[in-house]
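Protein chains in written order, with this note's numbering: chain S, 1 to 156; chain H, 1001 to 1156; chain D, 2001 to 2156; chain L, 3001 to 3156; chain Z, 4001 to 4156; chain E, 5001 to 5156; chain F, 6001 to 6156; chain A, 7001 to 7156.
For the record, the hints were derived by calculation from the structure and aren't laboratory data. Errors might be hidden in some of the hints.
[Unchecked claim] Under 10 Å between C-beta atoms, here's a sample of chain H residues computed to sit facing chain L:
id : residue
1  : Glu-1058
2  : Ser-1059
3  : Phe-1061
[To be verified] Simulated pairs of lysine to any residue, SDA-like, Cα-Cα distance not exceeding 25 Å:
id : chain 1 : residue 1 : chain 2 : residue 2
4  : Z       : Lys-4152  : D       : Ala-2130
5  : F       : Lys-6005  : A       : Glu-7081
6  : Z       : Lys-4152  : L       : Ala-3038
7  : L       : Lys-3092  : D       : Glu-2119
8  : L       : Lys-3152  : F       : Glu-6081
9  : H       : Lys-1152  : S       : Thr-41
10 : A       : Lys-7063  : E       : Ala-5056
11 : S       : Lys-5     : E       : Thr-5041
12 : A       : Lys-7152  : Z       : Trp-4019
13 : E       : Lys-5092  : E       : Asp-5042
14 : F       : Lys-6092  : E       : Val-5060
15 : F       : Lys-6005  : A       : Asp-7018
16 : D       : Lys-2092  : L       : His-3093
Backbone N, C-alpha and C define an ideal beta-carbon position, used for all residues, glycine too.
8 protein chains.
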Amino acid sequence: MESMKTWTVYLAGEIHSDWREEIRRGCREAELPVVFTAPVTDHAASDDCGVAVLGAEESVFWKDRKGAQLNAIRTRTALGEADLVVVRFGEKHRQWNAAFDAGWAAALGKPLVILHPPEHSHALKEVDAAAQAVCERPGQVVDLLRYVVHGKLPAS
Amino acid sequence: MESMKTWTVYLAGEIHSDWREEIRRGCREAELPVVFTAPVTDHAASDDCGVAVLGAEESVFWKDRKGAQLNAIRTRTALGEADLVVVRFGEKHRQWNAAFDAGWAAALGKPLVILHPPEHSHALKEVDAAAQAVCERPGQVVDLLRYVVHGKLPAS
Amino acid sequence: MESMKTWTVYLAGEIHSDWREEIRRGCREAELPVVFTAPVTDHAASDDCGVAVLGAEESVFWKDRKGAQLNAIRTRTALGEADLVVVRFGEKHRQWNAAFDAGWAAALGKPLVILHPPEHSHALKEVDAAAQAVCERPGQVVDLLRYVVHGKLPAS
Amino acid sequence: MESMKTWTVYLAGEIHSDWREEIRRGCREAELPVVFTAPVTDHAASDDCGVAVLGAEESVFWKDRKGAQLNAIRTRTALGEADLVVVRFGEKHRQWNAAFDAGWAAALGKPLVILHPPEHSHALKEVDAAAQAVCERPGQVVDLLRYVVHGKLPAS
Amino acid sequence: MESMKTWTVYLAGEIHSDWREEIRRGCREAELPVVFTAPVTDHAASDDCGVAVLGAEESVFWKDRKGAQLNAIRTRTALGEADLVVVRFGEKHRQWNAAFDAGWAAALGKPLVILHPPEHSHALKEVDAAAQAVCERPGQVVDLLRYVVHGKLPAS
Amino acid sequence: MESMKTWTVYLAGEIHSDWREEIRRGCREAELPVVFTAPVTDHAASDDCGVAVLGAEESVFWKDRKGAQLNAIRTRTALGEADLVVVRFGEKHRQWNAAFDAGWAAALGKPLVILHPPEHSHALKEVDAAAQAVCERPGQVVDLLRYVVHGKLPAS
Amino acid sequence: MESMKTWTVYLAGEIHSDWREEIRRGCREAELPVVFTAPVTDHAASDDCGVAVLGAEESVFWKDRKGAQLNAIRTRTALGEADLVVVRFGEKHRQWNAAFDAGWAAALGKPLVILHPPEHSHALKEVDAAAQAVCERPGQVVDLLRYVVHGKLPAS
Amino acid sequence: MESMKTWTVYLAGEIHSDWREEIRRGCREAELPVVFTAPVTDHAASDDCGVAVLGAEESVFWKDRKGAQLNAIRTRTALGEADLVVVRFGEKHRQWNAAFDAGWAAALGKPLVILHPPEHSHALKEVDAAAQAVCERPGQVVDLLRYVVHGKLPAS
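Here chain S stands alone, though its shape is the one from the complex (with noise of 0.2 Å):
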């Protein structure tokens, strides 16, 4: 009679390295709950979208524009339906993409997760202070969903 609900969590953010696949990994091992969101990480084809299903551009202004406005779509949705929001800032690249996106999840009232370098606190100081948790490795996103989900501290 314990509820057995399954989290929804949105992994947004870089999409340049395998850290998605690293948390999923881990809460599958962990067997836990879980159920996994993102944005299109196929990077070309989130440029191109926009064109591909609507129509050319002359301009890369409205190009981008009409492809920004697809992937929104995808998004929000998947944002408005987390229960928890994880979004990870990486090496490279300004994301400013990753910061509007915890700053809607944000506004939204989800419990939000950022994941960084530690050598990118001070620039982040306020999305990280706006989140329920601070990592620097996606295995941390992990140990904090089994404690979440079942009340287990990692072991030591």
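Got chain S sorted already, so can you dock chains H, D, L, Z, E, F and A onto it with the hints?
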């Protein structure tokens, strides 16, 4: 462990061509996890429902009112539950109805896709500007859904 | 691929006639995908529940308060989850309760159907004006649900 | 540097006695920073407004509908802007209207004060249970406002 | 101690006749405490604003988009702050824009008044059904405001 | 065709007695369609989770902060999804935590049941006043759920 | 042309020391554009208000209920209108009340400042974790307001 | 009788150039009814405020946390009260902060204007796509405000 979300798509607007069936067929063939809702598309039933269910009226105005209010039960419920709202403006008819539904959906923050022939672009500019995408052909809505759901671009 | 939504209908108001059963039977015979919720319709239990569950009171006023608050847990939860709210005003009793539920439902934006004998039309005009439909007979509610769900008019 | 808030109090319900004037006079004498709003209390105007403003109707039902919808513009605006809603149930009339307003106000989360003679306590128990206070006499509403605004108990 | 509320009324829709001025003049003469807001009614400015403010576009589609998005800043802010929204549909033009605004306002729960010639009643039935009142002449909007604000019927 | 709703009940507050198990057992024996959620009730894990998952802290204050924020992910998610919130105040400890959860739940409009020994009545009067019911014994919560779900009074 | 916002600050919690006056005086001396609201801080009046205004009760429980519900009118209105909520936990008393207000404010998304002696840090960790700031002395609240309003750090 | 609304505009983002002053000056010269709000733009104060007001921290991470949380009181209050939010991305710095504010504002449904040099267009495409306008120069924000407020195009 990926989320297997089924998308609910409301198909609003024009009821005098088979655009809904075209989108349904395209999604079926693409095996997309999408279910569709729609207003009552039987024009005569939609016009007569108020008096047929709730009793005759002498005045056409109040006959229309009774019918429109019944139809709104179905329409607003479907709009409220939709993950995505597609609104079609056809060649004929004023379709204030369609624009009203688009305004309602936009105010709810629903992702909106507008489908209309290019010659209506100027007259529909405010409606288009509230949308995430503007399509000319039903097949583009199928492509859009394939991309939003699976991140796959249309085969070129 | 059409959505197979099950409609949840809350049947509020009068508890001294069998109007709820009439609607349930009509929907069952029409095989409509509708489930019903209702307040506790056992009048004696509804009056006594507060003290029976939470302990006796000397004052009738506080006995009533305890009971009304318990009943509100069920009532408001059902109102909040309903796709459609039907409120019945009968021949007798003041039924401020029913009007209160109608006001609550209307403020939540729930589609509202009012069911009452025609002689109450003037006294109920503000309540009727907040509704999507006004019916005189329970059978009309069945017809309304058939139309809203399947787009079918009642056989004449 | 204390906030000098002016409280807006909506006086809903019965229109056949001078209870509103009694509350206004009491607050004036006590120099409380309270302003009042109310429905149109001219019964004839309130009944006829729809057809007087929007054109005649043959059917009484639709005459009432037009009037009730006009009155609702004033009523719901005032309810939405009120800091406190007082609803009076009198000796006569069914006053479903008053109960409807109470339900609407309660669903909005407005603090609610119910004013009625003690013999209605059982019939109004659900309405009372949604209120912050139940009064028998208009003077108690004045005392309540003095306490809420200034923290002063009535002189005994 | 009566509340001296100033009503804010948004006048949406048709921009090719002087209906707004007629309502303003009527309210001025009646000394009603009403202020009005409106979209930009200079058609040429409204069409060109996007490129005039934000830079030229080669494509008409994107010129229109830029303009429509600028206009939406004014429109939605005014809709959001209005106590009452009047939407006028004129003899000519498709005015999907007006219907879109009506849908937006209705979804926000704003009291809505629709103003149109009687020959549009059937085509506008869904829009009318979401409104608190349907008028044929601007003078009726003035009468409506006099009643809503002061409870006075028009002199006959 | 009656709705077979499963009620989700969040059991907040005291973690040093077996009151949750008592309620679970009672509901199991009564075969009520109720599932329960709860905070992590392993006191040591709940205190240490922050540093165990997210890394050590020198300061106890920030260790507590990290832990409290992790626990809040679980707590607020459960509060937000609950149909009913039960908050238990025990004999010992300050349990500001429990009162905080009660305030949060009340602000969300959740039906609230407070469970405490009678000697705390005065100190908890504001909390009790926001609740739909006040119980002294866990068995009363079971009786309450039986009534709310099935409309059955406890056997006397 | 800078906005000259006046901040409304609600001072919740402990009523047995002069911390409110200390904050008011500090803000007055610093000439900050801040107005304060507070619960009724006359303990006896706050305890007796229910029966003094609404009539005597035999049972202490219901006397407390009547009083707590009156106080909630003032409290929740002030919480809802506050730009910032400060909650003080003192040395003595259980102050579940204060924690309840903190939970309510946090659920509304109000910026929250908690003021308490350091020895309560562990017991208040969940409350502190929902706050934007934790202070030990009233003077820090003045410094905080000076910074938030004017961007000026305290003179060191 | 036209509404004389004063627009409140929040100027978020980059703090290392004088773009805010440029917009303020332009609006002053144009005599627009606009007031501005902004984060604390004194970089050192903004970095140190947490420990200056709330007490020293050994760890830079928690020093930053305290500061970021104080700044968020000002930032979120201003975002919540703004009629329009302008977010500036400059040439240097990562400015995740700015993107976070843009995401927050967009989720609240605030009209958003993004101001950035054209070379950031691709990196900012998701942020731009959530905006009502994208500007390159502060003067365009002034032109935009003139149009939105008065319906006047910039003199060419």
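Hint by hint, here is what the structure shows:
no.: 1; hint: Glu-1058; verdict: 7 Å, holds
no.: 2; hint: Ser-1059; verdict: 7 Å, holds
no.: 3; hint: Phe-1061; verdict: 9 Å, holds
no.: 4; hint: Lys-4152/Z with Ala-2130/D; verdict: 23 Å, holds
no.: 5; hint: Lys-6005/F with Glu-7081/A; verdict: 10 Å, holds
no.: 6; hint: Lys-4152/Z with Ala-3038/L; verdict: 14 Å, holds
no.: 7; hint: Lys-3092/L with Glu-2119/D; verdict: 18 Å, holds
no.: 8; hint: Lys-3152/L with Glu-6081/F; verdict: 22 Å, holds
no.: 9; hint: Lys-1152/H with Thr-41/S; verdict: 11 Å, holds
no.: 10; hint: Lys-7063/A with Ala-5056/E; verdict: 17 Å, holds
no.: 11; hint: Lys-5/S with Thr-5041/E; verdict: 18 Å, holds
no.: 12; hint: Lys-7152/A with Trp-4019/Z; verdict: 22 Å, holds
no.: 13; hint: Lys-5092/E with Asp-5042/E; verdict: 17 Å, holds
no.: 14; hint: Lys-6092/F with Val-5060/E; verdict: 23 Å, holds
no.: 15; hint: Lys-6005/F with Asp-7018/A; verdict: 23 Å, holds
no.: 16; hint: Lys-2092/D with His-3093/L; verdict: 13 Å, holds
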